[in-house]
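Chemist: Chains as they are written, first to last, in the numbering used here: chain F, 3 to 151; chain U, 2 to 151.
Any given hint could turn out to be false.
As the list claims (entries may be wrong) - If you only want the chain U side, here are some residues facing chain F, beta carbon under 7 Å, derived: (1) M2; (2) Y4; (3) D7; (4) Y33; (5) P35; (6) I49; (7) A62; (8) M65; (9) G84; (10) L85; (11) R89; (12) W90; (13) W110; (14) T114; (15) F119.
To be verified - Here are the simulated lysine-lysine pairs, DSBU-like style, with alpha carbons at most 35 Å apart: (16) U:K115 to F:K4; (17) F:K89 to U:K32; (18) F:K92 to U:K32; (19) F:K89 to F:K109; (20) U:K92 to F:K109; (21) F:K89 to U:K115; (22) U:K115 to F:K109; (23) F:K89 to U:K92; (24) F:K109 to F:K92; (25) F:K4 to U:K92.
Unchecked claim - Listing some non-contacts, in silico: residues in chain F with all C-beta distances to chain U over 10 Å: (26) F17; (27) D86; (28) S101; (29) E123; (30) G149.
If you are wondering where the hints come from, they were derived from the structure by calculation, not from laboratory data. For each residue, glycine too, the CB sits at the ideal point set by N, CA and C.
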Amino acid sequence: MKYFEDVEVGETMRFGRYEVTRDEIVEYARQFDPQPFHLDEEAGRRSMFGGLIASGWHTGAMFIRMVCDSMVAEAATSGAMGFDDLKWLKPVRPGDVLSVESVVREKVEGRRPDRGIVKIESRVGNQRGEVVMSLVSLVIYLRRPAGSA
Amino acid sequence: MRYWEDIDVGETTALGTRAITEAEILAFARKYDPQPFHTDPEAARRSIFGGLIASGWHTCALLMRLSVEAAQREQAAATGSPGLDSCRWLKPVRPGDVLSGRTEVLETWPSRTKPIGFVRRRVEMLNQHGEIVVAIVGVTMYRRRPVDGR
């Protein structure tokens, strides 16, 4: 298990592979973000985006899925307080393949003795190497329990 | 149509209300955020949260849904967002919670290069106890009123 004590500032991780499909973009948008450029190819073409694009919140959801699949199992994390400075930099389109690069920026000792906050900057990139979304997550890491290795 | 010019600093909007069910929490989490305290009621009871809680990304998605519905009601010429300054998940969201949204306009400024303007807002979601469960500060883009528009 990787505890708060084991995390080092500057640590870099590359992970994830998420194939974005048209059906999933539309399904997410119908549920949570029913704006025309997320729902309909033709409406997307007429918008400033020039085609169907994923909801930014959907990109966030795909990001957290990649995080869960690659890191959460070995990390003593307990969710996140939130995030700062989220940027939606490029549209995400059907057929894009996303992956993540994360860097540990800062460790913050919290008020509670059993956990700390780790600020992790992540960049979600597409298959052309363009960054489509970036954010700084405030991840809650548990501290190593006394007496454990 | 409500354009960038029609949005004033200080204006507040109630975004409507919706309940969240255990089935919705499980379905979202299994697809996007499969951590035990979001996907497994028994594991959640043993976690620091003491019971099943919604993914924060699910709570944000519901807040987005309420925001989009409000924008469509007022026929806002909204055209997406470049990003968010901050998002804080302040309280757990649990099955059966009844969530309502509210927003306040903090700042507006025009684009120098495109016929759009920007609006910075605080957007919050509260539960049935009046507790703020998520607080976001973010920016939305709006189209400018056409020169011959009304």
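Chemist: Verify this label for me: G149 of chain F is non-interface relative to chain U, using a Cβ-Cβ cutoff of 10 Å.
Modeler: At about 20 Å from chain U, G149 of chain F clears the 10 Å cut-off, so the statement holds.
Chemist: Hey, does the L85 of chain U contact hint survive, CB to chain F under 7 Å?
Modeler: Check passed: Cβ of L85 of chain U comes within 4 Å of chain F, closer than 7 Å.
Chemist: Would the stated hint for W110 of chain U survive a check requiring a Cβ distance to chain F of less than 7 Å?
Modeler: With Cβ-Cβ at 17 Å, over 7 Å, it is violated.
Chemist: Quick check on the hint: Y4 of chain U CB to chain F CB, less than 7 Å?
Modeler: violated, 15 Å
Chemist: M2 of chain U was flagged as interface toward chain F. Is the shortest Cβ-Cβ separation under 7 Å?
Modeler: violated, 14 Å
Chemist: Regarding the hint that I49 of chain U lies at the interface with chain F, is the smallest CB-CB distance below 7 Å?
Modeler: With a closest approach of 6 Å, the I49 of chain U hint holds.
Chemist: Would you settle whether the hint for D7 of chain U is holds or violated, based on the nearest Cβ-Cβ distance to chain F being less than 7 Å?
Modeler: violated, 19 Å
Chemist: Does P35 of chain U meet its interface restraint, that is, does its C-beta lie within less than 7 Å of any C-beta in chain F?
Modeler: holds, 5 Å
Chemist: Run the C-beta distances from D86 of chain F to all of chain U and say if the shortest one exceeds 10 Å.
Modeler: For D86 of chain F, whose nearest Cβ neighbour in chain U is about 5 Å away, the distance does not exceed 10 Å, so it is violated.
Chemist: For S101 of chain F, is the shortest CB-to-CB distance to chain U above 10 Å, so the non-interface label stands?
Modeler: holds, 16 Å
Chemist: Is it true that the CA of K89 of chain F sits at most 35 Å from the CA of K32 of chain U?
Modeler: It holds: about 23 Å lies between the C-alpha atoms, which stays within 35 Å.
Chemist: Hint check: K89 of chain F vs K115 of chain U, CA-CA at most 35 Å. Holds or violated?
Modeler: Satisfied, since the Cα-Cα distance of roughly 19 Å is no more than 35 Å.
The structure fails hints 1, 2, 3, 13, 14, 15, 16, 22 and 27 (numbered hints given earlier, in ascending order).
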